[in-house]
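Take a look at the letters that make up each chain.
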Amino acid sequence: MELLKRILYILFYPGLLYCFVGGLVLAGIDRKLLARMQKRVGPPIWQPFYDFFKLLGKETIVPRNAAKRAFLAAPVIGLISLITVSLFIPVFKFSPFSTYADLIVVIYLLTIPAVALIVGGSASGSPYAGVGISREMVAIISYELPMVISLLAIAKKVGLELNNGIMTFSLSQIVEYQAQNGPLFTKLSMIPAFIAMLLVIPCKVGSLPFDIAEAEIEICEGPLVEYSGAPLAIFKLNHAIKMLVMTSLFVTLFLSGSGTGILAVDAILQFILSIVVVFFSITILKAITARLRVEQTLRFYWTYPTALALLSLILVYFGL
Amino acid sequence: MTQHLPILAIITLFIGAFIVALIKEKNEVLRNTVVLIATFMSFIFTLMMYKPIIGEGNIITYWMGNWEPVQNWAIGIGLEVDQLSLFFGLFISLSIVLSALYSFKYIEKETGKDKYYVLFLMMSASVMGFIFTGDLFNMYVMIEIMTFASVALTAFRNNKPEAVEAGFKYIAIGSIGSSLILLATVIIYAQFHTLNLAQIAGELHNNYTITTLFALALMVVGYAVKVFAVPTHFVAPDAYMTAPSSISMLFSGIVNKAAVYGILRVLYVVYQSMNLPSVQFMLIFWGTVTMFIGVTMALAQHDFKRLLAFHSISQIGYVITGIGLATALGITGGLYHALNHTLFKGLLFLCAGAVYYATGTTDLDKLGGLAKRMPQTALIFIIGAFSISGIPPFNGFVSKWIIYQASYEAGYAPVTIIALIVSVMTLASFIKVAQSAFFGQLPKEFKNVEEVPLSMRVPMWIMAILCIVGGIFPSSFTKYLITPAANAVMNSAKYVEVMMGPEFASKFYNNLGNAPVIDYKLAGYWQPIAWLILFGILLLAFTLVALLGGFNPKHFSYSDEEDAKYDVFYSGESAEFSHVGGSDLFWGLKYQFRHYFDLMHKIHNGVVNDYALSVVLTAAVVLLYVFTFVR
Amino acid sequence: MFEKLIQKGLEKSAWLYHLNTGSCNGCDIELVSVITPRYDAERFGFKIAGSPRHADIIVVSGPITSQSRDRLIRTLAQVPEPKVVVSLGSCPRSCNVFNGSYCVEGPLDKYAPIDVSIAGCPPKPEAIMAGLVRAVEILKEKRRAMK
Amino acid sequence: MKFPYLKEAVKSLFSKPSTENFPKEVKEAPEGYRGKIVFHPDKCVNCGMCIRVCAPGAITRTIEKVEDGDKVTFQFYLGQCTFCQLCQDFCPRKAIELTKEYLMIAENEEDLMVRGTFIKKAPPKPPVPPVQPKPVAQNDQPKEENK
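Protein chains in written order, with UniProt numbering: chain A, 1 to 320; chain B, 1 to 631; chain C, 1 to 147; chain D, 1 to 147.
What the hints contain is simulated information worked out from the structure, not anything from laboratory work. Fair warning: this is a prediction, and the values are worked out from it, not measured in the lab. C-beta: ideal position from N, C-alpha, C; glycine also. Possibly wrong hints are sitting among the right ones.
Derived pair list, reagent style SDA-like, types lysine to any residue, alpha-carbon separation capped at 25 angstroms [said to hold, decoys possible]:
| id | chain 1 | residue 1 | chain 2 | residue 2 |
| --- | --- | --- | --- | --- |
| 1 | C | Lys147 | B | Gly360 |
| 2 | D | Lys27 | D | Glu101 |
| 3 | B | Lys444 | B | Ala546 |
| 4 | C | Lys12 | A | Leu208 |
| 5 | C | Lys110 | D | Gly57 |
| 6 | B | Lys109 | B | Ser178 |
| 7 | C | Lys4 | A | Val76 |
| 8 | C | Lys4 | C | Ser33 |
| 9 | B | Lys590 | A | Thr306 |
| 10 | B | Lys590 | A | Phe300 |
If you want the footprint, here are the derived chain C segments under chain B, 3+ residues with CB under 8 angstroms [stated by the list, open to error]:
| id | region |
| --- | --- |
| 11 | 42–55 |
| 12 | 61–75 |
So that you can see chain A by itself, here it is in the shape it has in the complex (with noise of 0.2 angstroms):
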């Protein structure tokens, strides 16, 4: 009984069918929310669907100094390891697999997905993709370090009250302690640590301001530019999931509580939450922001956001 509710989790609620609908109907949320922005009529919010199925259809190019096995099995790797990650990520309360992965597992699988669009357009042969990996890279260390950074400050936090002091990287410790004293960013020293990681979603996922290492514009999709048909549309998909794990983990990090208890309703409003935590922090500053340069990036992420963490960090070595 139990393996079978396990095979249920992992096909259906947080596992496949949930990624791929999930993220999915975020990214055209988003697609319409930014087009509202523009005070356009914009897509319909299923269009991501349109664009995945009709890249399937698509005739799928190899290029001949193509790395022929890695240039398609990256984007396979990247879609199975973000869906494993969003297997352990809680929804109040609720989650399948917390005891096999903790915070800091949860933060390095979501860097595979990232290593794996760079093996996945380097293997490309594209010049255009050696200049969009070298970027995507320099992307990955500029928002790293703000977000271990605010996590670290989670840990301790979390750690003081109920880990007896020492910092704990687990995830439903986390959880459970937002059911004790409310949400993480109702606190005075996590508020910093909140707005931090605020902005490190959008680089994270890749979205607009922060969109250097696949500008359609300049170097013509990164890392993407060999890719088309199948491969290309689970690049897609990757990109959507990922937008839907990192606001479900922000979700749980910061906003989280003990949560209604049934599933169902659990399940709907933390997809509420990710829709909201997806409008303020990608959607608005792609509606208002244009693209950085990659320096502007890292020194961006260096000065502001790594601030407001350790500033929030030393406020919890404080206690408060």
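Given chain A's structure and the hints, the job is docking chains B, C and D onto it.
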């Protein structure tokens, strides 16, 4: 029989060296077999020691010429192998066997092959000797043989001027380090009139005088020179770059591990100074600085082996930080990372050797697109690169993760932050190598490059599999290998007890034999097997859905003849050769930190006297620090 | 299994790749104005793709100058099937006023069959959108033929 | 910390989008828009001014002999036309008219052709045969001698 295993493990290698020197050029196959037998025998003997030492938990001692200590006074040279030295001995002898197997084919094109094997066996014998010895002066002798053998091996390709130059630099700096160690040994001998580690540890038990502290400082700096910790690291890139890859694998695999063992043995067992916060802080600070400077310099390199050399320095920084934490989790993390580093760094150096063997150059600006011609080496490189940068299913992730957790639990938050950023930069530099050497476009001159012969690929595959296994079964690795070693480090009283006879240690130590229990929840949260099962199920589900959807890979249109459709998209231009790689990657990072990189460029100026000056300055600073803070 | 969905997908989300072979940029700014809020082609799923590998509809504007001739041929070859070539304005159709000049290499149908041609110099954004909608039908027919 | 356009973005989020829904209502082109050419063959007098004045040479004329004059067909190739309206201005009989119709989408060249044929009557035969001039009278010679 178990009594004689340690000396047998060392002597087989020395005898092998002697026989190979006799064979000279006459018979190649015979020489190779002798080398293989010697290294394999030493590995077997080390393996045979596993059961008595880690299985039953006792310590093997062996007195040369069985000069037993008389009235608690050790006269003869004693070998002592406890769990810690066996732990180091195991993976060192394994990498010696693999490197020997690799170099049969790799050295074929070079001249003076028998000299190579003599030096190879001398170096490995001296490292094994250094690990198993329990005598201070014997440690110095082994360090000396190791230094001279590695200097000669660095300059093995004497037709290349930079090899000879690197050899000269290495001997200059190496001998400063050795003389510091010799000076410290002499001072300790003058103080305690004995050279046996256990007896010194007994007398040194919390009665530090100024002279012993002086000896401590010199010893630490001497081993730091051997381990290439930052201020003394300038020689390492030149030495690793010009030495043959099978040897630079040994440099980064066993030579600096032996030096790490030296630091552990001296600071922990002999001086029992690990739980002094000042010593801990010194090691942690030194490790973090080494970590950061090593990786930032590696990002700026555009030679494959030089980049790997700087990475060895930065990974050793991890090991030193792990050990410096002196908590149970910290030492476990440090030791586990030492093991993992030998595995994945050895693997990467062998890949560099394979690239050199196939193309004749390791300059990243000239290489490109080798994955199409050398698929297995590319795959092995990817495994190595992912495990060094700590991507989850591989072994680098587990040990780095333990170090993060340990350093954060010990209250060093900045160290954890720097460690995580260094790990991301390691990933960046290996993405740079992957893009410039293995992926991207194949230059014309490497059109018909062939995959390396099987005898070179076998050791690479063995190490790659070990990297994966190390990442998937971390709990079994720690239970059978690392926890006993960490226990041995934390509880040095037993080391003294066994060596010097029953009641000798009880005079000095009040709690005998009970090591602080190591309560670490290593894999409390992270069971890689469960994660991999999830990954497998999802992969299965995905392929099922894909096949159901009428998707089959044969539809991929791929062709090899000249057809514009399959050319890479150049916005219309004809697809001429334009490979993005080497130094034109990570412009953003280099531009943003250009002042830092210019400063580093000025410091690493290649002048030997500056290097020697930096070693002496480190010695002065450490001396000052030890005198003022260590009590 | 996905065939019906792929057909719907092709209809509802065709990506354009704009290929300027020496145009006077009249048609180019008209094409770009198609995705501005006033005309908003994105509500039909049209999006300008960055690389020909991602494209379904190739919009060619400008008489094929001798410089852009072999680049045109190469880029058209690199677009995956099913693809549709749309000529924007009079120039690709018949080299317009530049007909017979020393550097113009003749209309587009010398190099690729034109599926839809949108007349007008420059054509109005609504005309471009009607043309693109027509092109999407041809795309679906080509996909059915390809199956 | 000044965020440009944030106010406009949020305000327009809740206001009606300014997109015309093109397929349902097709907006009329503005006054004087030079769109599709309409040719009134009856007005044309085959003077050829439009051909001479058309820059891209989009207008061609074919004349074939018919028993009561010559059948002239004018062909306006919209694919080549630059819609400059010169032909309309120079046509003495106002036979060419550029309408406000802008949806000119075609799949083959034929749909872009605007043709008009008319028969230009040959001038009517004179009812009376022309008078033959008298043979040269005597009094003419002397005029020439004293020139």
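These are the hints, each one checked on the structure:
Proximity of Lys147 (chain C) to Gly360 (chain B) is assessed by CA-CA distance (about 49 angstroms); at most 25 angstroms being required, the pair is judged violated. The suggested pairing of Lys27 (chain D) with Glu101 (chain D) holds, with an alpha-carbon distance near 10 angstroms, which does not exceed 25 angstroms. Among the hinted pairs, Lys444 (chain B) with Ala546 (chain B) is inconsistent with the structure: their alpha-carbon atoms are about 38 angstroms apart, more than 25 angstroms. Between Lys12 (chain C) and Leu208 (chain A) the alpha-carbon distance is near 24 angstroms, which keeps this suggested pair within the 25 angstroms criterion.
With a C-alpha separation of about 20 angstroms, the suggested pair Lys110 (chain C) and Gly57 (chain D) falls inside the 25 angstroms cut-off, and the hint holds. Of the supplied pair hints, the one linking Lys109 (chain B) and Ser178 (chain B) is violated, its CA atoms being roughly 33 angstroms apart against a limit of 25 angstroms. With a C-alpha separation of about 24 angstroms, the suggested pair Lys4 (chain C) and Val76 (chain A) falls inside the 25 angstroms cut-off, and the hint holds. Straight-line distance between C-alpha atoms of Lys4 (chain C) and Ser33 (chain C) comes to about 32 angstroms, which puts the hinted pair past the 25 angstroms bound.
Annotation: proposed proximity of Lys590 (chain B) to Thr306 (chain A) holds, straight-line Cα distance about 19 angstroms (limit 25 angstroms). Distance restraint check for Lys590 (chain B) and Phe300 (chain A): the Cα-Cα separation of roughly 15 angstroms lies within the 25 angstroms cut-off, and the hinted pair is therefore satisfied. Check result for the region 42–55 of chain C against chain B: holds, 3 residues qualifying (beta carbon to beta carbon below 8 angstroms, three or more required). Judged by the Cβ-Cβ criterion of 8 angstroms, the region 61–75 of chain C is covered by chain B as claimed, because 7 of its residues qualify and three suffice.
The structure shown violates the earlier hints numbered 1, 3, 6, 8.
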